[in-house]
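Below, each chain spelled out in residue letters.
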Amino acid sequence: MNGMGEMSSVLRIILIIGSLIFFVFIMNMVRTKKLELKYALTWILTSFSFVLLSIFPEILFFIAALMHIELPVNALYLCVISLLLLIVFTLSVAVSRQALRIKTLVQEIGLIKETLERMKKEG
Amino acid sequence: MEQMEKYNLKTLVIIPAYKEAKNLPRLFRELKEVPLDFDIVVINDCSPDDTEAVCRQHGIPVVSLPVNLGIGGAVQTGYKYALEHGYDIAVQMDGDGQHDPRFLKLVLSRIYEGYHMSIGSRFIEGKGYQSSLTRRAGIKFFSWLIKLLTGQYISDPTSGFRACSRELIRLFAGSYPKDYPEPETIVTALRNKYRIAEVPVIMRPRQSGESSITRNLAAYYMIKVTLAVIMAAIARKNGDGAK
Chain A
409 MNGMGEMSSV LRIILIIGSL IFFVFIMNMV RTKKLELKYA LTWILTSFSF VLLSIFPEIL
469 FFIAALMHIE LPVNALYLCV ISLLLLIVFT LSVAVSRQAL RIKTLVQEIG LIKETLERMK
529 KEG
Chain B
1483 MEQMEKYNLK TLVIIPAYKE AKNLPRLFRE LKEVPLDFDI VVINDCSPDD TEAVCRQHGI
1543 PVVSLPVNLG IGGAVQTGYK YALEHGYDIA VQMDGDGQHD PRFLKLVLSR IYEGYHMSIG
1603 SRFIEGKGYQ SSLTRRAGIK FFSWLIKLLT GQYISDPTSG FRACSRELIR LFAGSYPKDY
1663 PEPETIVTAL RNKYRIAEVP VIMRPRQSGE SSITRNLAAY YMIKVTLAVI MAAIARKNGD
1723 GAK
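Taken in order, these protein sequences are the chains called A and B.
Residue 409 is where the first sequence starts when you use the numbering used here, and the numbers rise one by one after that.
Residue 1483 is where the second sequence starts when you use the numbering used here, and the numbers rise one by one after that.
A few of these clues could be false.
Now the in silico label distances, taken between C-beta atoms and shown as ranges [as the list claims (entries may be wrong)]:
| # | chain 1 | residue 1 | chain 2 | residue 2 | range |
| --- | --- | --- | --- | --- | --- |
| 1 | A | Ile517 | B | Pro1507 | 45 to 53 Å |
| 2 | A | Leu479 | B | Ile1716 | 19 to 27 Å |
| 3 | B | Leu1630 | A | Ser500 | 43 to 51 Å |
| 4 | A | Glu525 | B | Lys1609 | 39 to 47 Å |
| 5 | B | Arg1508 | A | Lys528 | 44 to 52 Å |
| 6 | B | Val1549 | A | Ser457 | 34 to 42 Å |
| 7 | B | Lys1622 | A | Ile517 | 33 to 41 Å |
| 8 | B | Phe1623 | A | Val503 | 40 to 48 Å |
| 9 | B | Tyr1611 | A | Ile517 | 57 to 65 Å |
| 10 | A | Phe497 | B | Leu1588 | 15 to 23 Å |
| 11 | B | Thr1616 | A | Ile471 | 29 to 37 Å |
| 12 | A | Ser500 | B | Ser1637 | 53 to 61 Å |
| 13 | A | Gln506 | B | Gln1612 | 47 to 55 Å |
Everything labelled a hint here was simulated from the structure, so no lab data went into it.
Ideal placement from N, C-alpha and C gives every residue a C-beta, glycine not left out.
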């Protein structure tokens, strides 16, 4: 069969181990508070669905059949790439917002320093 | 009436400066010789040289930014300063000596006449420093693009020698482009129905230091500013969503 019914067992084991490591890593990042919860949620869900998919690839077969994609692995690529695009775009938005906030803060600090200095001079 | 009013208008000269310690003393001296009543503020964009010390020596108020923001962020700080201190007119002048303070009065005259922005253009009379051929071609392109988008011909859309009325001080203090802001802000102002005039000025080649637009960045500059200008033309009116 052309990859529809059975995924190679080696690939499956690699995927299960990889996704488990990824999940544990993410959870550890959250636990040690290195990842803000807002962003962590996306990654927890992502890594959890990787674990699910690698253990029950049937889900993927179902999705592939639903979307008329011949090879399940292509359905996987499609899902992962879409998800990544979404995450990267969200981050770009977040970075733009941060940049604007930092700029405003820097300007405000500069102006306050100038006022402070003038007040000092005037006594 | 206008004669009466114009002498009561509080005027601020904004000088964005990055590594201009060598050029500023001459500019201060020339500004002092101008027979007009105005204040000066230098926005020191985190220069590693003595820019801040030079300003203090000359008793010029200086806002020192703790982080380098680039020309747009620095100029916007100037507009915020103008807004905070209730200035009626703000004039931008480069700290590198390209802009001759003797033309200050002429640039301001259009604001007295009721225009919201007055731009010092080096191309109306074509005297003085005209910059290189490729640069002129780029500037010509932006003139054409702005004419296409707004209907008004601006001969020197990249000129940083410009005066703004109180309305535009408020607008620019609220939002201002990050880098290469000049052509974009012209379109933003025109789109919000503000009136812009140009006056002929003679610019000088910069005294020392180098332009922010180097040869390698020229293509990037052209693409970025073209996009920014088009975006400004289709942006929402009054403030561009940067809040």
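Looking at the structure, which of the earlier hints fail to hold?
When the structure is compared with the hints, numbers 1, 2, 3, 5, 8, 9, 10, 11, 12 and 13 turn out to be violated.
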